[in-house]
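One line per chain: the protein sequences are A and B, in this order.
Take the first sequence: its letters are residues 1 to 240, numbered as in UniProt numbering.
Take the second sequence: its letters are residues 1 to 586, numbered as in UniProt numbering.
You may find that some hints are simply not true.
What the hints assert, rightly or not - Here are the simulated SDA-like cross-link-like pairs (lysine to any residue), alpha carbons at most 20 Å apart as the crow flies:
#: 1; chain 1: B; residue 1: K450; chain 2: B; residue 2: H372
#: 2; chain 1: A; residue 1: K27; chain 2: B; residue 2: D564
#: 3; chain 1: B; residue 1: K304; chain 2: A; residue 2: G76
#: 4; chain 1: A; residue 1: K27; chain 2: B; residue 2: H372
#: 5; chain 1: A; residue 1: K27; chain 2: B; residue 2: Q579
#: 6; chain 1: B; residue 1: K264; chain 2: A; residue 2: G76
#: 7; chain 1: A; residue 1: K27; chain 2: B; residue 2: V55
#: 8; chain 1: B; residue 1: K264; chain 2: A; residue 2: D79
As the list claims (entries may be wrong) - Here are some, though not all, of the chain B residues that point toward chain A, as calculated from beta-carbon distances under 10 Å:
#: 9; residue: F69
#: 10; residue: V325
#: 11; residue: D370
Worth flagging that the hints you see were computed from the coordinates, not collected in a lab.
Think of the CB as a built atom: it goes at the ideal place given N, C-alpha and C, for glycine as much as any other residue.
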Amino acid sequence: MIVIVVFMVVLAAFAGWWLSRQGLMAKPWLETGVAGEATGAPPSPRPIEKIGLGAFLAVAGSLFALLVSAYSMRMGLPDWRSLPMPTVLWFSTGLLILSSIALQATVIAARRDELDGIRSGLLAAGVTSLAFLAGQLLAWRELAAAGYFSAGNPAAAFFYLVTAIHGLHMLGGLAVLYRTATRAFDLSAASAPQALGRLRLSVELCATYWHFLLFVWLVLFSLLMRWTDDLIEICRGLLS
Amino acid sequence: MADVTHGTLPPLSASETDDVELYHPHSWITRYVFSQDAKIIAIQYSLTALAIGLVALVLSWLMRMQLAFPGLISFIDADHYYQLITMHGMIMVIYLLTALFLGGFGNYLIPLMLGARDMVFPYVNMLSFWIYFLAVLVLVVGFFVPGGPTGAGWTLYPPQAILANTPGQQWGIIVMLVSLMLFIIGFTMGGLNYVVTVLQGRCRGMTLMRMPLTIWGIFTATIMALLAFPALFVGAVMMLLDRLIGTSFFMPAIVAMGEQLAYKGGSPILFQHLFWFFGHPEVYIVALPAFGIVSDLISTHARKNIFGYRMMVWALVAIGALSFVVWAHHMYVSGMHPSFGFFFATTTLIIAIPTAIKVYNWVLTLWRGDIHFTPPMLFALGFIVTFVNGGLTGLFLGNVVVDVPLSDTMFVVAHFHMVMGVAPILVIFGAIYHWYPKITGRMLNDAMAKLHFWVTFLGAYLIFFPMHYIGLMGVPRRYHEMGEMAFVPPSTVTLNAFITIVALIVGAAQLVFVFNLAWSLRKGRPAGGNPWRATTLEWQTPQTPPAHGNWGQSLPVVYRWAYDYSVPGAAQDFLPQNQPPDPQPA
């Protein structure tokens, strides 16, 4: 459980930093008037959608941190047998990185109001993401064909579980990406600036989400590849 | 009052404040059924939670009947008894308390107390309720599937939760896990709304440190729930896979009924860690909104500003943070390393510090206050006493050496019913008596309210006080029948019968409350806009009940904190948060 505790400590540190800027030392009983600006930061100027996504990512992050926690706890038991990782995972990792880069390029295009750039960027991100999911499916089939899909193999069960949950998060993201893309193709250069602004916001949200998914996947990948064994061993040492 | 007055501005017109785009319903269905108005959603949440809570109340009656008069109700055998305790616990903790505090009070109070027109994502908010409703339906379906609901206990510990011979192993456990997953998804949608609304939806002048403590409590609890529920979700998914496709996340190699099962290599302790990583914060997810609400009730009904507002806020946040590092105190008897037990006992006892600060502050708020024994105040006082009681036995159980012998006895049952059953429920009642006039425009009947309070409060003590002694005698929990046990003296049998009779009476007294809710809707005394002469914004709405959009033409502007009661020289003894300060002489 050390992983989730570390995750919570990081969140708590962020929350503490944020709260420290909110005038927690104020003495509200002494202050009257529209004192908002004087005693505490007013609500952030960011759009509510970004704050909402940030909060959602904290929740999803907690979900993945718990999965990683459970995984590393189980790895610590003496009867753990690792799986040989299918090579195709390297390709899907590359595809996911490309997808994230494509969305970052889309954000840059959106900030310049280049509709063509937005459209091609969204398309590229969608295609690479679908290819990533296909790669994951191939990895699943490869492992199943090699006979690892069995009840008594916790390593296989964990592999399927973490990749499935990550993939489901990506599917949810793809649904939003699809809606953003249809809007991008409906708009024209002559569209109202508000519509373009909303499209830009959607693109930025998608990019943030994809970077998050990439980060989570890199963590999961390094765990599955057993690069983090030493780190986990150190963490375990801290506890005992 | 010593004013440090910052530039006082004239009220802003609506055009100058950042307004939310409101969704306007066009039909009866979108107005009252698939409503996106947080106030309607709040009522939907509350009624659903209260309805399923009544089911859980009846289940507890049946349990008590079995404990006091074994065999009197013939259909309660061991299996049914386990199903009763499981469903009673699960419904009360999750589907009633969590849903009512966050979904019910959160939805109603957050926008109104913060001067917002609605939640920031109304559509998601609507989905949140309907997924919760679906979760409740799925839960209820569990009663009717072959084999009945699961009887694994509300903690659903594997391996027994999914082994044959545990009641409900066939369908009940599946239905329960699916229902929990739905609940978590629905709650996450609502929770994101509450958090972002508190962060971004506040009206002008409403700094964080001017928010009423109710909002602080709900806000902190929501953040905790958002981070803790994923642990239950992960546990539920993994257990569902163990049950459905035979993975071995939690299932060790096991011989059942003389047969070696296909499972091997799972870790039941892993589930306990995941479950309690959710389960302990859950206690505070229920308690923190209660803390917040009770602070406001006491301050309003004692006409006194809350003592130590800042300390109250810090304590809420500190309790929220600490509650994430105490989960293993539920697992002292799971065979953990003794130094773990020491660590978790220490963190557990540290929580007593911020909690005690809160209790002192409530008492000091009452000190020399102008206490009105209105129903909300009675319930708030009842809460303080009960919470202190339950908290003190918590100090016993937080220590490993005391917990080990008391573990799995009725003492534990008495402890957690006091601290997270009776105490929060008293706050819920108090809060309903307090805000019902705003929600419906009419007062609840006072005589019925006081009858309801005294029977519930005294009854709860008659039920749970003796239960501690039964536990100290060594009577184990989760036994459907004691049979002949040498160490159990006959007096405990009498005591059990007494507890059951009181439980029946207290349960029946809740019908007075339900009747009062219905009766006062039409016959109650008209309340007016602000019957309690309260300062917070929800009492300052132009209409009562508040209309769609809450605030008419322009949003309120906040000039002061929420606790200006008994202000010397004020026209009415209190100053609403949106009352501008007197112009200062130049």
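Hints, verified against the model:
no.	hint	in the structure
1	B/K450 / B/H372	holds, 13 Å
2	A/K27 / B/D564	holds, 13 Å
3	B/K304 / A/G76	violated, 56 Å
4	A/K27 / B/H372	violated, 27 Å
5	A/K27 / B/Q579	holds, 18 Å
6	B/K264 / A/G76	holds, 16 Å
7	A/K27 / B/V55	violated, 46 Å
8	B/K264 / A/D79	holds, 10 Å
9	F69	violated, 44 Å
10	V325	holds, 7 Å
11	D370	violated, 18 Å
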